[in-house]
Amino acid sequence: MPHIEIHNASILPLLAFIFFHSLALCPNVQPLRASPGGLNELDALLCLKSRIHDPSGALASWRDDSLAFCDWHGVTCGRKQHTSRVMALDLESENITGNIFPCVANLSFITRIHMPNNQLNGHISPDIGQLTRLRLQGQIPESFGNLTSLKALNLNYNNLSGTVPPALYNISSLAFLGLGANQLVGRLPTDIGSTLSSITTLTLEGNHFEGPIPASLANASNLHVLNLRSNAFAGVIPSLGTLTKLRNNLQGTISTYITNLSKSLKVLVLIENELTGAVPSEIGYFMNLTVLQVDNNLLSGYVPDMLGNLQNLSILTLSRNKLSGEIPPSIGKLERLTELHFEENVLAGPIPSSLGGCKHLTTLNLSSNSLYGGIPQELFSISTLSEGLDLSYNQLTGDIPLEIGRLINLESLCLSNNQLSGEIPSTLGHCLILSSLHLEANFLQGSIPNSFISLQGITEMDLSQNNLSGRIPEYFESFTSLKVLNLSYNDLEGPVPRGGMFANLSDVLIKGNRKLCATSSILHLPPCRTSPHKRRNTKYIVAVVVPFATIVAVTMACIAFITLKKRREAKRLTDQSLKQFKNVSYTDLFNATDGFSPSSLVGSGSFGMVYKGQLKFEICEVAIKVFRLDQLEAPSNFLSECEALRNIRHRNLIRVISVCSTFDPTGNEFKALILEYKANGNLESWLHPKEHRQSQKRLLNFGSRITIAVDIAAALDYLHNRCTPPLVHRDLKPSNVLLSDEMVACLSDFGLAKILSGDTSTLFGNSTSIAGPKGSVGYIAPEYAMGCQVSVEGDIYSYGIILLEMMAGKRPTDEMFKDGTNLCSFVESCLPQKIDEILEPILTGYHHEGGEGADQLMVGIRSCAMQLVTLGLKCSEMTPRDRATTEDAYAETLSIREEFLALCRFQNSEEQGSRRSSRFIWIAGVRCSSTWISSFD
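For the sequence shown, the numbering used here assigns the number 1229 to the initial residue and increments by one for each residue that follows.
Quick caveat, the hints were computed from the structure, so don't treat them as lab data.
Watch out, some of these pointers could steer you wrong.
List time: in silico DSBU-like cross-link candidates among lysine-lysine, alpha-carbon distance up to 30 Å [as the list claims (entries may be wrong)]: (1) 1587 x 1494; (2) 1739 x 1277; (3) 1711 x 1739; (4) 2038 x 1918; (5) 2062 x 2038; (6) 1561 x 1844; (7) 2046 x 2102; (8) 1840 x 1918; (9) 1550 x 1494; (10) 1840 x 1587; (11) 1561 x 1491; (12) 2046 x 2062; (13) 2102 x 2038; (14) 1491 x 1587; (15) 2046 x 1918; (16) 1743 x 1587; (17) 1743 x 1711; (18) 2102 x 2062; (19) 1494 x 1561; (20) 1494 x 1844; (21) 1918 x 2062; (22) 1277 x 1840.
Construct the entire structure; sequences and hints are all you get.
Given below as structure tokens:
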């Protein structure tokens, strides 16, 4: 066991006291980390040498011109990921004198200081408390019993031996006593629960305590944590309440211990025992289990398929056993599973793709088995996978899937010691939170991806023992968090970077790359040379390149100046437009849409896609409109929509809940609007259900069409006449009219909206006053195609086309409109005698089956339909000045709705008087109930 040993025997109690006292008072505190400007390993050793008198020359190899300090006399470095960290100092009987503190306190990874039989002196620095990896040895001093006011004593994880001083158990003020992971022996006092009256945490695990567990522990009423595992206790467990973490050297099979357990059991922990046999399939009947941990035992056999029945299981760990066979696909049914550990067994076969069904996994560890085949892509659909994915030390083959970039919350990825081939996927650069990456000992090839420049938070990266080629990226110089970089034994070439972490070669391993060269002798690599031919041509290259580069530089500077000016203006407008909305993060939207999955997609257009999702801070579902910023006008479209919706509030206008203006994990700009979600979709899907794969029964009744016409007119009246300055929508069409659960129509998609100012028009985000052919074909006002200015009359034209489409059931782009005909001319040619030809069958109904009342009702419905058609034609006149005004159109639709409601009231009264008239209730596709009528009164 690692330990600390110094010659003067009187120092050990003092050292022990300082060490545990600094930790025990704050048992949860983490070791201090040296600042970037603090001493590193080399500086700490040289500092130590400067404070020691060495008459025998024991430290002769400790030279400041030698960087390989791991080869110095008495210095031992770590293995694997800590190869450049000093782990031990062994200088026994070297006749050295002086003070080793505080220099040694900067060797943060040291676990052993062995310097007996020397002449060391001075005070022990309190900084020794930072060396949390040191292990004390010897016995606990009897004098500790005199610390009668001591509240916390933490001696866990040392190499202490012997018995515990009895006086230590009599300190009534002691609340925290940690003696775990030592070599202590003896029995616990029978009255320990009474004498340690203030104890809240008692950890004695990992020792050699024996005898019975004292029943007096039941008297320690403040006890919260009791850990007695891995000892040699015997006898009956006393009545201590629910001590779910009690562990001892249990033997036999699991079946022995679960036979008489209640099926309502929720937690079963049998860690670090000597259980043998197989995991019983009967465990699948404990349906309430949430935690099953059977690590560090001697289990063998297969993993039972019945584990898939434990639907409430959140933690499943069977690691460090001798389990064999394949991982059962049924594990993928455990949707609530957050941790899955099968490491260090002898499992074989492929990794089941069904594990992708564990949608809440945060940790997956299947390392140190004999798994083979490819890595299933389904694993990378688990967006919650954050703490770690470890598939190392298996026999996995094939490429690393590109989908690995979906794990944007992953902190640790270990795929080392497999047989993976192909290139390192560039999508790994999307995993911005990654702190540890181990891909060593595979057959990977190609260059180190440029996308790794995004991994600014990574602390350790091991790509050694592969076939990687190309140069070492210079961006590694800017990685301030990277502590260990291992690129050894590849086929890398070219110069080694000199800045950043490459200035300290103890943190960079590049052995076994024969084509690497250096521009400095400090790297002990061949110098990077320029060939004679290249030197002769240098002056000619300079003569050609310099003038050309100057021209390019001037041109780029001009472009950069213009671009910067535009960006500043765009930023000013963006900040002004977004300041009223709560900003939502990219991660929030990613989680709300299950990673922007196709199943969440509800629509798409030229400027982006619309997803349905559930934000954690919203009760109802929302619509998330993601803009495709690679489209030329998408950024201005986003700004226009934000500006248009910033100050408007109306029942018939879509409401903006929030916005997202940020960068995605790849570093690309990302913009999205979070809007109200309208469950009934858009008007177009109701007018043309067959084209949208809707049931033929999904048809709008006549009453709903009138109501929608009123709602759209009300929205336009608000935009044109109630807003200051007025706002023109410019892209009015059925697909931009959304319908709520109550079939209330709302205008959406204000990406082309334009704010009118005075007598001139200025497009938001653009200096031109000319509209251009903006909008959708069939609904664009004719004057826009001729370059006329934007006006409210353009929206009225689109509104007229929508009215005609609702009544005739035909698009303005229908194939029947050829040879100069259009929807307007078609409808106009059918008036007034051929009204039935342009109205849908649902409006004509079965008027021939009724009597006089039915005929009178149909006359009224025809009158309303005729008025809507006439209004549609009036609004869609070719000349803007001939069209109806917004105010008139709104008033007209209100009048038509009132007339229709009067018909319904009449029908309702008839229904109450005669059941015979009930056959006319659906004549116009409308049930004229009193409830429906009263909603408008």
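Run through the hints listed earlier and report the numbers of any the structure violates, in increasing order. Violated hints: 16 and 22; rest satisfied.
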